[in-house]
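Enquirer: Residues per chain are reported as follows:
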Amino acid sequence: MEADRGPEAPGGISLRSLERRILICAALVLAGIAAAGAAGAASFRLLPGAACGAAIAWGNFFLIRKILEKAFLREGAVNKRFVVQYAVKFLGLIGIVYLVVRSGWFDVLGFLLGLTSLFLGVFLEALVKSFRPAE
Amino acid sequence: MFRRFTFSLLVALLFVAVASVALAAEGAPAAGGESNVKAVIALTAGFGIAIAAFGGALGQSRAIAAGLEGIARNPSAQNKIFIPMIVGLALIESLVIYALVIAFVLVGKL
Numbered sequence: 000m001e002a003d004r005g006p007e008a009p010g011g012i013s014l015r016s017l018e019r020r021i022l023i024c025a026a027l028v029l030a031g032i033a034a035a036g037a038a039g040a041a042s043f044r045l046l047p048g049a050a051c052g053a054a055i056a057w058g059n060f061f062l063i064r065k066i067l068e069k070a071f072l073r074e075g076a077v078n079k080r081f082v083v084q085y086a087v088k089f090l091g092l093i094g095i096v097y098l099v100v101r102s103g104w105f106d107v108l109g110f111l112l113g114l115t116s117l118f119l120g121v122f123l124e125a126l127v128k129s130f131r132p133a134e
Numbered sequence: 000m001f002r003r004f005t006f007s008l009l010v011a012l013l014f015v016a017v018a019s020v021a022l023a024a025e026g027a028p029a030a031g032g033e034s035n036v037k038a039v040i041a042l043t044a045g046f047g048i049a050i051a052a053f054g055g056a057l058g059q060s061r062a063i064a065a066g067l068e069g070i071a072r073n074p075s076a077q078n079k080i081f082i083p084m085i086v087g088l089a090l091i092e093s094l095v096i097y098a099l100v101i102a103f104v105l106v107g108k109l
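If you read the protein sequences in the order shown, they are chains A and B. Residues in the first sequence are numbered from 0 upward in steps of one, following numbering that gives the first Met the number 0. Residues in the second sequence are numbered from 0 upward in steps of one, following numbering that gives the first Met the number 0.
No lab work stands behind these hints: they were computed from the structure. Quick caveat: nothing in here was measured; it's all calculated off a predicted structure. You may find that some hints are simply not true.
Result set (PhoX-like, lysine-lysine): computed pairs, CA atoms no more than 20 Å apart in a straight line [what the hints assert, rightly or not]: (1) B:Lys-108 - A:Lys-65; (2) A:Lys-69 - A:Lys-79; (3) B:Lys-79 - A:Lys-128; (4) A:Lys-88 - A:Lys-65; (5) A:Lys-79 - A:Lys-65; (6) A:Lys-88 - A:Lys-69; (7) B:Lys-37 - B:Lys-108; (8) B:Lys-37 - A:Lys-69.
Chain A residues, not near chain B, derived (Cβ > 10 Å throughout) [unchecked claim]: (9) Pro-47; (10) Ala-56; (11) Ile-93; (12) Arg-101.
A virtual CB, placed ideally from N, CA and C, is assigned to each residue, including glycine.
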């Protein structure tokens, strides 16, 4: 069955490749903040927050992929446990965001910048796919 | 019918919002503008996350419904539909997380 090969459709967007792009964008965001900090245009305090935000963005995407793949891309009936797993993931995400924002350990602006790596990763992946010749 | 209901709901929300600020202002005249600011912050955080959750839920439900309907109609296109659906869900959820962060920051100022 086609679905058993996983969601790596030839010519389409690959989720694993997208995850790599998100990591690349997270590295770029961190490097940008470090460069701005070195130039005196930004504070180095943004760095841990940005790293945490990028980790949360990547982890959230990874978990969404895992849960939905397990639920829908298997042969047979849909695994209904995915509803519970998705709810637990969502509650965990809210808890982590609450801790990060309210604890004061991380800079909130850096955290938001880190979260942006998901959008940048999707944008980068779409750019790469649009410039790659069709197979 | 749906439009009228939505319009009535929005007007009611607006009245509740305005009334809350007005009542808060009457309740603490000695505190000056600080009480007003806090009331506005509380309202902003509440409405902000409410609107974000409403929009996010609507967007996710539409994305999932359309995606699964497409897969049901054409199972051979499962991979091509499923991947953009997951990407869309992640993006929508990220926007709601942004609103959640802002709401937490605002609540922290109370």
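Enquirer: In ascending order, which of the hints set out earlier in this document are inconsistent with the structure?
Expert: 1, 8, 10, 11, 12
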